[in-house]
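Colleague: The residues making up each chain are set out below.
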Amino acid sequence: MERKIRVLVAKPGLDGHDRGAKVIARALRDAGMEVIYTGLRQTPEQVVNAAIQEDVDVIAMSILSGAHNHLFPRVMDLLKEKKIDDVLVVGGGVIPDDDIPGLKAAGIAEVFTPGTPTTTTIEFIRNNLKRKV
Amino acid sequence: MYDSASLVSGIRKGDPRSIARSITLVEREDPARLAVLKAINADIGHAHIVGITGPPGSGKSTLTDKLLKELRSRGRRVAVAAIDPSSPFTGGAILGDRIRMQRHADDDGVFIRSLATRGHLGGLSRATTETVRIFDAAGFDDIIIETVGVGQSEVDIVRLADTVVLVSVPGLGDDIQAIKAGVMEIGDVFCVNKADRDGSERVIREIRAMLEAAVMNGAATRFSALYQALDQLKAVDRTEGQSSPRASSSGLFDQGAAHHIARQPPGHDALEIPAVIPTTAETGDGVSRLVDEIKAHEAALVATGFLRLRRHENLSWELGNALADRVLRRLEGEDRKIELADLASAVLDKRKDFYEALGILEGSLAG
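Quick note, the sequences are listed as chains A and B, same order. Just so you know, we're using the numbering used here here: the first sequence kicks off at 2 and counts up by one. Just so you know, we're using the numbering used here here: the second sequence kicks off at 36 and counts up by one.
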């Protein structure tokens, strides 16, 4: 039985820069994961619906616009509404340190800020999956 | 967490999580999938299965996005299986077809699933056929399979789709591309995308010439036998007036025929070739006509009985293929590897000849 880690890499919100998201997508692919990339300017609803249809183990979101305190918790609320509790959600981007505890309280498992080695993110994902691999 | 009974009732209700989770079982080749597939077996066979294939960068995803839009406007529920390649080295994959279709993510009449090939050759992933069955049981009217970008031999799509749309684009190479065997021979509906670019008219001409030549040479194309059967139906229809229920209910002879007799080669009045349809997926130009053509093809398959014929052929092939897979898997065990190594040594040392060794292996596989 073959088991692959499937990750949705998403860019919620309105910022137009996805270089970071693409670097992460590529690093996860090179780590043997299947990465579904949805492109720019996604609503939280689109992110959650795509995660359901793709049956991913992980949602990795990147935000550079400053709207993380709104968008990240909104995704978590939608997941709760749909009773999805077995998906690991991580965030990244330009996120001030002061905001991180609040995001974690909302259910974002970890927040990776600029300069984080991709290996750290990969390790974290591998060690914190909520579904059995 | 998810038992097969609740997955099955979820699939029948069109519940996205049940559909998605079942596809995951199929992708993992989880034995639990067998109960699900068995239970939905009676529910399948209603959807129109459409394959979209063509070279990398020909605009298959953008075209699929526009097909989704057009089919939705005609009130149809549509599922998409979008296939992208896995890395042969890491096993990882970037599945990016969804980028072009994300506008449909909020539409509950659309379900999109990305599948990685996971080492499977031929343009599809191993899980594609069973994924299509799950979509079918979930009541989707149309199922679109977008293959990986194909070269010249990835033709598995013909074993699965009722209607194969071959997407070409201008600027890929000289006219010899059009006479190459393989992918050019598998289309039911032909489309030249990026038709706003220079050279598109030439590509259309070349494909038409190729199709005409194939018909005149008596080559086995996907459409020749179908068109002959259609002609016979039309002849019957003419003798019986408008009484044929099949013909009038399908609307085949009002619209379908007009789409299909695109051009008759000179001196071959009875021969027909499919229309070659220019599209510009980026703007949506030509997409409505492409959908008309896809649906006319489906109507022709239904009217002639070719739909069942094709599905029957495909199932025979799939059974044989699944058996070959099972046999191959029996070569993977540790004991078998040792046996293979021993027999190889025997052949190398000239204690046995090759076919003697093969016979021994065959005997022990059967036992």
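Check before you lean on any hint, since a few could be wrong.
Said to hold, decoys possible - Part of the chain A face toward chain B, derived, beta carbon under 7 Å:
no., residue
1, Gly40
2, Ala51
3, Thr122
Bear in mind the hints are in silico, worked out from the structure with no lab data behind them. Backbone N, C-alpha and C fix where the C-beta goes; we use that ideal spot for every residue, glycine too.
Colleague: Against chain B, run the beta carbon of Gly40 (chain A) and see if the smallest gap drops under 7 Å.
Modeller: At about 4 Å, which falls below the 7 Å cut-off, the nearest Cβ of chain B leaves the hint on Gly40 (chain A) intact, so it holds.
Colleague: Does Ala51 (chain A) pass the interface hint, meaning its C-beta sits closer than 7 Å to a C-beta of chain B?
Modeller: 5 Å, holds
Colleague: With chain B as the partner, please determine if Thr122 (chain A) meets the hint condition of a C-beta pair closer than 7 Å.
Modeller: Constraint on Thr122 (chain A) not satisfied, violated at 14 Å.
Violation of the numbered hints given earlier is confined to hint 3; every other hint is satisfied by the structure.
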